[in-house]
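Can you make the complete structure from the sequences, with help from the hints?
2 protein chains.
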Amino acid sequence: MVIVQKYGGTSVANIERIKAVAERVVRTAREGHRVAVVVSAMAGETDKLIGLAHQISSHPNDREMDILLSSGERVTTALTAMAIEELGYKAIALTGWQAGIVTDAVHTKAKIERITGDRMGKALDDGYVVVIAGFQGITEEGGDITTLGRGGSDLSAVAVAQALKADLCEIYTDVDGVYTTDPNIVPEARKLAKISYEEMLEMASLGAKVLQTRSVEYAMKYEVPVVVRSSFNDNQGTLVTKEDADMENVVVSGIAYDKNQCKVTVLGVPDKPGIAARLFKSVADAAIVVDMIVQNVSGDGKSTDISFTVPKTDSKKTLSLTESLTKEFGARGVSLREDVAKISVVGVGMRTHSGVAAQMFGCLADHGINIMTISTSEIKVSCLIEAKYTELAVRALHQAFGLAEAA
Amino acid sequence: MVIVQKYGGTSVANIERIKAVAERVVRTAREGHRVAVVVSAMAGETDKLIGLAHQISSHPNDREMDILLSSGERVTTALTAMAIEELGYKAIALTGWQAGIVTDAVHTKAKIERITGDRMGKALDDGYVVVIAGFQGITEEGGDITTLGRGGSDLSAVAVAQALKADLCEIYTDVDGVYTTDPNIVPEARKLAKISYEEMLEMASLGAKVLQTRSVEYAMKYEVPVVVRSSFNDNQGTLVTKEDADMENVVVSGIAYDKNQCKVTVLGVPDKPGIAARLFKSVADAAIVVDMIVQNVSGDGKSTDISFTVPKTDSKKTLSLTESLTKEFGARGVSLREDVAKISVVGVGMRTHSGVAAQMFGCLADHGINIMTISTSEIKVSCLIEAKYTELAVRALHQAFGLAEAA
Numbered sequence: 502m503v504i505v506q507k508y509g510g511t512s513v514a515n516i517e518r519i520k521a522v523a524e525r526v527v528r529t530a531r532e533g534h535r536v537a538v539v540v541s542a543m544a545g546e547t548d549k550l551i552g553l554a555h556q557i558s559s560h561p562n563d564r565e566m567d568i569l570l571s572s573g574e575r576v577t578t579a580l581t582a583m584a585i586e587e588l589g590y591k592a593i594a595l596t597g598w599q600a601g602i603v604t605d606a607v608h609t610k611a612k613i614e615r616i617t618g619d620r621m622g623k624a625l626d627d628g629y630v631v632v633i634a635g636f637q638g639i640t641e642e643g644g645d646i647t648t649l650g651r652g653g654s655d656l657s658a659v660a661v662a663q664a665l666k667a668d669l670c671e672i673y674t675d676v677d678g679v680y681t682t683d684p685n686i687v688p689e690a691r692k693l694a695k696i697s698y699e700e701m702l703e704m705a706s707l708g709a710k711v712l713q714t715r716s717v718e719y720a721m722k723y724e725v726p727v728v729v730r731s732s733f734n735d736n737q738g739t740l741v742t743k744e745d746a747d748m749e750n751v752v753v754s755g756i757a758y759d760k761n762q763c764k765v766t767v768l769g770v771p772d773k774p775g776i777a778a779r780l781f782k783s784v785a786d787a788a789i790v791v792d793m794i795v796q797n798v799s800g801d802g803k804s805t806d807i808s809f810t811v812p813k814t815d816s817k818k819t820l821s822l823t824e825s826l827t828k829e830f831g832a833r834g835v836s837l838r839e840d841v842a843k844i845s846v847v848g849v850g851m852r853t854h855s856g857v858a859a860q861m862f863g864c865l866a867d868h869g870i871n872i873m874t875i876s877t878s879e880i881k882v883s884c885l886i887e888a889k890y891t892e893l894a895v896r897a898l899h900q901a902f903g904l905a906e907a908a
Numbered sequence: 502m503v504i505v506q507k508y509g510g511t512s513v514a515n516i517e518r519i520k521a522v523a524e525r526v527v528r529t530a531r532e533g534h535r536v537a538v539v540v541s542a543m544a545g546e547t548d549k550l551i552g553l554a555h556q557i558s559s560h561p562n563d564r565e566m567d568i569l570l571s572s573g574e575r576v577t578t579a580l581t582a583m584a585i586e587e588l589g590y591k592a593i594a595l596t597g598w599q600a601g602i603v604t605d606a607v608h609t610k611a612k613i614e615r616i617t618g619d620r621m622g623k624a625l626d627d628g629y630v631v632v633i634a635g636f637q638g639i640t641e642e643g644g645d646i647t648t649l650g651r652g653g654s655d656l657s658a659v660a661v662a663q664a665l666k667a668d669l670c671e672i673y674t675d676v677d678g679v680y681t682t683d684p685n686i687v688p689e690a691r692k693l694a695k696i697s698y699e700e701m702l703e704m705a706s707l708g709a710k711v712l713q714t715r716s717v718e719y720a721m722k723y724e725v726p727v728v729v730r731s732s733f734n735d736n737q738g739t740l741v742t743k744e745d746a747d748m749e750n751v752v753v754s755g756i757a758y759d760k761n762q763c764k765v766t767v768l769g770v771p772d773k774p775g776i777a778a779r780l781f782k783s784v785a786d787a788a789i790v791v792d793m794i795v796q797n798v799s800g801d802g803k804s805t806d807i808s809f810t811v812p813k814t815d816s817k818k819t820l821s822l823t824e825s826l827t828k829e830f831g832a833r834g835v836s837l838r839e840d841v842a843k844i845s846v847v848g849v850g851m852r853t854h855s856g857v858a859a860q861m862f863g864c865l866a867d868h869g870i871n872i873m874t875i876s877t878s879e880i881k882v883s884c885l886i887e888a889k890y891t892e893l894a895v896r897a898l899h900q901a902f903g904l905a906e907a908a
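For the protein sequence lines, the chains are A and B, in the order given.
Here the first sequence stands for residues 502 to 908, where the numbers follow our numbering.
Here the second sequence stands for residues 502 to 908, where the numbers follow our numbering.
Treat the hints loosely; a few may be bogus.
Pairs count within a copy or across copies, as identical chains cannot be separated in the list.
Subject to a maximum C-alpha distance of 20 Å in a straight line, what follows is the list of computed EDC-like cross-link-like pairs (lysine to aspartate or glutamate) [unchecked claim]:
#1 743 <-> 806
#2 520 <-> 563
#3 692 <-> 587
#4 818 <-> 587
Derived from the structure by calculation, the hints contain no laboratory data.
Here it is as structure tokens:
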């Protein structure tokens with residue numbers, strides 16, 4: 502089989518961990534598989550580099566940021582290849598562009614456009630373990646280095662798996678798999694044996710940190726079988742795969758929460774057509790991902806408040822964008838609220854079962870938790886609440902939907 | 502003017518220093534010059550990375566080593582470009598390959614083959630300060646990342662200066678310029694206003710750490726005017742330039758020492774033709790630079806001892822190479838001596854003045870210092886002595902040749 506193994510930051514946090522990774526890789530290779538390894542930067546490195554940049558500038562140039570950030574994965578790539586060679590197996594380290602990962606030019610959040618797996622494929626044919634720097638690529642035109650955004654190494658791994666037509670893409674991390682909710686908050690949280698791409702997508706986009714959203718979308722699109730498991734033990738992980746009949750019988754699969762969103766409100770926007778479109782177009786043009794959107798017409802009926810959530814990392818950018826538009830629109834002002842959390846209930850079974858939203862709102866109300874904003878999809882219901890209630894809400898919902906018991 | 506400024510590791514050791522570099526760069530640009538900046542890794546970073554590799558393997562693969570080591574300069578490049586932009590000037594960071602630095606494939610010690618200055622030139626024309634990662638390049642064929650060896654950023658700077666047809670190549674470091682000898686050993690050491698390429702070459706190859714040897718060779722070949730000066734003050738530096746009449750009147754310009762060599766002796770080599778050639782060919786093939794060579798026929802007239810010096814960093818490699826050859830030759834064995842230092846007296850004036858060697862040997866003898874090996878060139882005399890006498894020898898020679906007094 503062709504197997505892609507991706508090791509996250511905690512799995513390669515130090516030399517001992519890198520040696521352990523090399524042992525697992527070589528074990529897999531000796532079982533007769535062809536192995537491509539995708540690695541993240543050593544835990545803490547990316548934050549350290551971001552910290553350095555912010556000591557210089559509050560808005561560092563994105564293109565330069567990418568050159569800076571891409572260096573972390575290169576270090577791990579080289580060290581991991583060395584560790585594999587030290588065990589007597591042939592290995593070759595490839596940077597993102599050497600692996601043929603071509604992206605668009607949206608620096609710090611680039612999208613993979615294509616992968617030319619030629620060099621990787623040839624190295625595998627020649628008996629090498631290929632070690633690829635995750636999180637990075639290169640633009641076709643300018644030959645500029647790009648990065649794929651937080652957690653982008655997951656995406657690199659899935660894309661490499663697709664390019665190599667791999668039989669399996671294993672994502673190694675510091676947790677055993679995907680749980681019904683965060684076990685740090687709910688000790689009774691249960692590990693799922695499998696989960697559909699769509700549920701995983703909701704869980705990921707809702708803040709469950711085991712897999713990055715875009716990597717799940719990519720896996721779903723190309724039906725890449727993904728397993729999430731721990732690099733610290735040999736436990737079975739969670740298989741992320743196509744939806745099947747079993748899954749539909751489970752109404753709710755998990756509870757997710759996200760503390761990384763903030764709420765921006767544009768106050769007193771004149772109630773005229775086209776203003777919301779202008780607002781969200783300029784936010785989208787800045788490559789900022791808007792999640793929930795709510796609009797409330799105020800008492801006088803002439804103006805309205807528009808609220809939306811964006812990642813906290815984009816709060817400054819969003820504020821400055823929105824403030825300049827506010828003047829243009831004749832709106833009253835902009836407010837930012839950072840002490841919010843989004844709590845979500847997820848399950849493909851919701852499609853065929855009703856009443857989940859009502860049960861969720863009731864449970865939150867029973868615990869005196871006020872709901873600021875609601876958003877729903879076919880397979881999830883999300884509520885924005887005050888951040889201080891996060892743990893309470895997650896525990897209450899986990900209990901209310903009976904998630905501790907095996908399905 | 503087109504000016505290339507190179508900043509070494511101590512000049513970019515932390516964020517404050519990087520900001521100071523940015524200020525100097527912007528000041529130069531505002532004076533109307535077009536500025537290309539070459540940066541090293543932050544002080545200590547390269548050693549840290551080497552340390553990580555050696556925790557994994559005692560002989561890490563050179564190709565992977567280069568991916569590892571090249572990451573340090575990229576970090577500085579990005580941070581420096583950000584700091585320049587923060588001062589309101591346009592800047593663009595370029596990695597070695599983006600700057601078009603093409604090298605041969607001798608990993609960790611690559612030679613620059615050519616530079617295509619297109620992208621750099623275009624960016625300068627567009628009003629950018631160009632910030633280039635020193636110490637690294639890329640192979641033409643494989644697209645593999647290479648590094649140029651210790652101090653390789655000096656070479657990058659001189660090569661960039663030549664490619665851009667720069668009017669001046671300023672090498673910023675933590676010393677004010679080139680001194681008659683190491684001021685840490687001899688407080689009366691005097692800064693030279695100018696020095697010839699050839700003298701600088703001898704000083705550099707003899708361990709004066711202000712400029713890397715190959716960068717001086719490159720500058721000499723293409724007559725690139727180089728100034729060595731400090732990034733910590735605005736003092737005039739030392740101009741490295743073509744020899745002129747003034748220089749010839751100075752018999753001795755400086756005293757250099759080098760503690761980074763070790764002495765390898767092959768004992769009891771049969772006195773047959775071709776053996777020395779075989780020995781030094783295989784050492785050269787391993788890209789190890791041999792410095793001094795001595796051969797002494799032993800008492801019996803049938804066998805001989807061959808001694809030579811190599812950089813201490815290559816001692817293990819040299820030993821294992823030499824030991825395998827020893828068996829083949831039927832030699833008696835190999836010995837390694839690391840407690841040695843090379844002391845040299847340098848000056849273009851020696852060409853026309855005799856007696857320098859005799860004066861040097863006499864001075865060392867007067868201080869009871871035994872000479873192990875002697876090597877000479879047109880403009881220098883070097884002696885290998887016991888390392889513990891280094892400081893004594895340097896002080897004594899500086900005094901004997903009257904270097905504290907202005908020429």
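Hint by hint, here is what the structure shows:
Taking the shortest alpha-carbon separations for residue 743 and residue 806, neither the intra-copy value of 40 Å nor the inter-copy value of 73 Å comes in at or below 20 Å. In this assembly of identical chains, residue 520 and residue 563 lie within 20 Å of each other by CA distance solely across copies; the values are 19 Å between and 33 Å within a copy. Taking identical chains as interchangeable, the C-alpha atoms of residue 692 and residue 587 are never at most 20 Å apart, the minima being 35 Å within one chain and 48 Å between chains. In this assembly of identical chains, residue 818 and residue 587 lie within 20 Å of each other by CA distance solely across copies; the values are 17 Å between and 46 Å within a copy.
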